[in-house]
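Below, each chain spelled out in residue letters.
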Amino acid sequence: MTTVEENSGPVTDPTSDYNIFDAEFVRDPYPTMSEIRESKCPIAHTDRWGGSWFPTRYDDVVAIAQEHEIFTSRSITVTASPLRQAEGPYAGIAAPPITSDPPDHHWHRRLILPVFAPQSVAKYEQGTRDLCNRLIDGFIDKGEADAGTDYAQQIPVRVISAMLGVRDDMADEFVSWVRGVLEVGLTDPIVRLENRNKIINFFREELADRKKNPRENDLITDLLNSGDKYPVSDQYVLGVCNLMLIAGIDTTWSAIGSSLWHLAQHPEHRKQLRDNPDLWPTAVEELLRAYSPVTMARLVDRDIEFQGCPMKAGDRILMAFPAANRDPRQFENPDEVILDRQHNRHVAFGSGIHRCAGSNLARLELRVALQVWLERIPEYSLVDPAAVTWAGGQVHGPRVCRVRF
Amino acid sequence: MRVRVDEDSCQGQQMCSIAAPEVFGSDELGHATVLIAGDIPEHLHAKTRRAQANCPEDAIIIED
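Line by line, the protein sequences are chains A and B.
According to our numbering, the stretch in the first sequence is residues 529 to 933, in order.
According to our numbering, the stretch in the second sequence is residues 33 to 96, in order.
So here's chain A without its partners, still in its complex pose (with noise of 0.2 Å):
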């Protein structure tokens, strides 16, 4: 069952039949959530789409994410992957060290973090401000702009581009590409083939070219130059620009929509970070909480019972990480956004060896773009609640989302 007629009927009862790409679970899908959390079946399964486990609470969610060896990465979508990718240019190539398992993992993630550690990531913040200021210079005069198309979408493909020094003009197809991958592409192979072959080849292309031309202070020439310490195949490295680009455009781009949806409905918050900046780091990481863009999967290696349920080998789980963030058991008032919690042991980058690689990038990347649009636009509302649209699935955020100033 793969097509999108085949998947899409009514759903009675989430715990036994939740579809993800249900558009009532697309636009909102904390009340769902939520339902299944606290039923007798608190971790889900649908056949729907070849079948999935649905974990809500935050200790199994948690639980799940730390056995890495019975849960693997080697699979990360909901959906299987394309029939026949070994074919064309996909052939071999993954999105390390996401979908690495140890031994290699331990390598795959010490070429790449220090990349994102908090004192690499912190010299794109001035580059991030100015980007965010000259998107804000093209439509302030306006009074209205989508905070979706025209500025958090804008943002993390260009972060993302300057980081792999590619050219900036590509921002519109890179943002394309991974839609095709994430969005479009959860629900039909074939465009989702097409795309990861588009991203492959752009890639290719690249690395050819930083090998006749090496360039100082630049990601693919130190990857491809990094076997001296371990043995870096052109696999390895178009795996982790591919990984780049599928994991650091849609997230971010969603985390950043869905905290201006939020601050546009919200102008006590908005005040609340205007008269007191010292707010910055838990609010970051509230709004993280709050609106998790991000479910991963995992892919059940070998048999066995997890909280009374029967998984299979092959079978694949949907790591909830927005539905733990609302769990009860762990955050007092869940659904509330309170901007200077202090407990908030959220798992919104996930948990474990594959925890997000990007996060610091990420959270620099959200706290800058919200930061300069209070500063310039202190006051705004959304011109319409109901016109919002959302792209869900394994990412959650707003797409077209309309403001007025």
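If you are wondering where the hints come from, they were derived from the structure by calculation, not from laboratory data.
Fair warning: there could be bad hints in the mix.
[To be verified] Below, in silico cross-link-like pairs of lysine to any residue (SDA-like), each with a Cα-Cα straight-line distance of 20 Å or less:
1) B:Lys-79 x A:Lys-840
2) A:Lys-651 x B:Lys-79
3) A:Lys-799 x A:Ile-866
4) A:Lys-651 x B:Gly-57
5) A:Lys-840 x A:Thr-605
Could you slot chain B onto chain A? The hints should help.
Relative to the frame of chain A, chain B by itself:
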């Protein structure tokens, strides 16, 4: 109060340095380091406990 980071558990979430930037920093890989050698001053105890509570990996060990 003394504090240390269990290196096997730490995944570099950095929640500790957000909760208590005076106490926790980052190494080259972005994993947590303790910035204060010896006893943690009393005025930082609450923050240090918050950092411990916020670590999703349970990697912070406090010895009173």
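If you draw a straight line from the CA of Lys-79 of chain B to the CA of Lys-840 of chain A, is it 20 Å or shorter? violated, 43 Å
Lys-840 of chain A and Thr-605 of chain A: Cα distance at most 20 Å? holds, 17 Å
Need the status of pair Lys-651 of chain A, Gly-57 of chain B: alpha-carbon distance at most 20 Å? holds, 17 Å
Lys-651 of chain A paired with Lys-79 of chain B [C-alpha distance capped at 20 Å]: violated, 27 Å
Mind checking the alpha carbons of Lys-799 of chain A and Ile-866 of chain A for me, to see if they're no more than 20 Å apart? holds, 13 Å
Of the numbered hints stated above, those contradicted by the structure are hints 1 and 2, listed in ascending order.
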